[in-house]
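Could you build all of it, start to finish, from the sequences and the hints given here?
Residue numbers (the working numbering): 1 to 631.
Bear in mind the hints are in silico, worked out from the structure with no lab data behind them.
Being a predicted model, the structure only gives us computed values, none of them experimental.
Take these hints with a grain of salt, some might be off.
Straight line, CA to CA, 20 Å or less: simulated PhoX-like cross-link-like pairs of lysine-lysine [what the hints assert, rightly or not]:
#: 1; residue 1: K55; residue 2: K2
#: 2; residue 1: K503; residue 2: K532
#: 3; residue 1: K611; residue 2: K575
#: 4; residue 1: K532; residue 2: K619
#: 5; residue 1: K362; residue 2: K451
#: 6; residue 1: K400; residue 2: K451
#: 7; residue 1: K613; residue 2: K581
#: 8; residue 1: K615; residue 2: K581
#: 9; residue 1: K272; residue 2: K260
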Amino acid sequence: YKNFTAPQLQGVTLLGTGTIDWRNKSRISTPKNKMMVYMQGATSSDDYYVMMDSKDYPELIIGRYPVRNTTELNTMLSNYRDYVSDPTPGWWRNSMVFLADDLYNGSDPVAESYHTQQMERAANLMHKSVRINKIFGWEYDYDEYQNKPGARDDMIGSINEGVLVWYYVGHGSYDSLGAEDYFNGATDMVRLHNADKLPLFIAAACSVSNYDHWGYDSLGDKLVLQDNYGCIASYAATRRGGGEANTRLVDLMFEEMIGKRHPLGISIMASKLRSNYNSNDLYFVLLGDPTLRINTPIRDSLLTVDGSATSAVLCSRQQSHVEGSFGPYTGNGTASLRLFDSGRNYNLGSNPVSQQGNQLFKGDVSVNNGSYQGGFIVPDDVTNGNTGSVMCYIWDDTTKQDYLNYFYPVNTRDNAVAVENDGPPKIELFLGTMDFRDGDVVPASTTLIAKISDGNGINVTGSSGHHIFLVIDDAAQPIPVTEYFNYNKDSFTDGILRYPLPKLSEGPHTVQVIAFDNFNLPSVANTHFVAKHSSELSIQRLLPYPNPMEDDGYITFILSEEASLDIGIYTVTGKRVKRIKTLGREGFNQIPIDARDNNGNRLANNTYFIKIKAKAASKSTEATERLVIYK
1 YKNFTAPQLQ GVTLLGTGTI DWRNKSRIST PKNKMMVYMQ GATSSDDYYV MMDSKDYPEL
61 IIGRYPVRNT TELNTMLSNY RDYVSDPTPG WWRNSMVFLA DDLYNGSDPV AESYHTQQME
121 RAANLMHKSV RINKIFGWEY DYDEYQNKPG ARDDMIGSIN EGVLVWYYVG HGSYDSLGAE
181 DYFNGATDMV RLHNADKLPL FIAAACSVSN YDHWGYDSLG DKLVLQDNYG CIASYAATRR
241 GGGEANTRLV DLMFEEMIGK RHPLGISIMA SKLRSNYNSN DLYFVLLGDP TLRINTPIRD
301 SLLTVDGSAT SAVLCSRQQS HVEGSFGPYT GNGTASLRLF DSGRNYNLGS NPVSQQGNQL
361 FKGDVSVNNG SYQGGFIVPD DVTNGNTGSV MCYIWDDTTK QDYLNYFYPV NTRDNAVAVE
421 NDGPPKIELF LGTMDFRDGD VVPASTTLIA KISDGNGINV TGSSGHHIFL VIDDAAQPIP
481 VTEYFNYNKD SFTDGILRYP LPKLSEGPHT VQVIAFDNFN LPSVANTHFV AKHSSELSIQ
541 RLLPYPNPME DDGYITFILS EEASLDIGIY TVTGKRVKRI KTLGREGFNQ IPIDARDNNG
601 NRLANNTYFI KIKAKAASKS TEATERLVIY K
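So, in structure tokens, the structure goes:
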């Protein structure tokens, strides 16, 4: 520490878990005794390892990989390498989910509103352009087991969509969050499906990272030991702590990590140096790599709305224009533009809380030399307020860095400007490919494609019953599929929805799509098709058109899966006069042909045969149909 040659020693990473039963008196602790735990009295803390001159706070950054074998170590290292060297771009890197425990801890009758207050305080530390899904346990109903599954489901839903930080404030134990089981390590790990989007997990709660017990694995352990799901790191307490001390420490860490963009280990060390709760801070341990950076995009306000860089008022049905540039980024590419509604302020009991506004528009814009322009139409579902925002996000794959333009605040108004509506949205439906025609045979597992357009834009708010809805086989309960719709690049009037249908039974089926324009005028489109199960490669409904053919035409057919095609045209004596090699798509295919041989000579008037040979992996099939050339 004092005599290390340059560069000076910065930190320590402990490779291996450990227990307080180092002598294995329990007879079961040996598998976990890989890296000794440092204890003073009943307090176990890795901070003791890096207290050089001080007895109160760490003087080097430190983290622990709580692994028992090389398999677990390789899993954590692989997660770390992917996070640092091959990160997944997207809005999830500007998103967080916070959950506050409710008023009651099990059967304890004392009402505890401070968890709500503490979470709201932490959220207010974040920049206004960071998107935070705030979940207040107070607002959810109990089930028959005195749990709150609604809060759990909303939290897990956010994690699976992708968040940079997952923060819990409340009571906890070694394997669960809250007496209400907001998350239980024994039952809920399998519900995490967040591959390539691993958040930092933080719990201002008791004992959530009690990794050093010989008899069980803590929730903090479990979350970081998953292969490409769970969390990239965990920061929580090993023992019982004080609620205010816990949350104040995390607040300070947020200031260092998000506000000052420091690495995780430095943010933790700096927060403990600034804290006034040294004895409580010892309980908090980092399970993960202390060199990790948990940074939101580099942000700036180089964005104008309708020509103004300082103020914006957006009214219902208004068409607006935005322009911006990404400062340090001067490349070319595609950026994601979004408009967010004003939030709402309200009280839980006597506690003021707030929620950010819903998304009103999302679309892609072209970026040239770091600059872009785009637009949107404000939907009727906008609310009155003064906390709306416009943001634009881009990822630089060369530097592995993302950038965010923001305009805040935006005044939003629900009074409509005078605009004519030329009718409801136009919807075209396809199954599998754009070549689909109503009544076609398609695989039982296929993708619904809907081309939706409207001169006044499509309502993508998903509010007040104005989702884009899908109805399969006249089901009573429509499926909201708004999130699967994306505008075409540089457009705010036309886009495509792609939704993977569930596996259907063999036979005829119908699908119906309902969409609203931004003035909430609905449109309905229907199509029907025949689903067919097949593990075999097949060619169906081979048809040359026109037949007889004079000069040019098509071969149409349906493939059960993507395959390489070898298409031949043969005389009645078996001589091949034309050959086409191409790739066939799953579903309907349309291949152009002409009445000439491979040398460009016109085929004589006669009867010919078209033979298609298809190959996919180890499977193959063929089909033949007659073609008449006549002029």
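Evaluation of the provided hints:
no.	hint	verdict
1	K55 x K2	17 Å, holds
2	K503 x K532	10 Å, holds
3	K611 x K575	12 Å, holds
4	K532 x K619	18 Å, holds
5	K362 x K451	16 Å, holds
6	K400 x K451	33 Å, violated
7	K613 x K581	10 Å, holds
8	K615 x K581	11 Å, holds
9	K272 x K260	15 Å, holds
Hint 6 from the list above is the single one not met by this structure.
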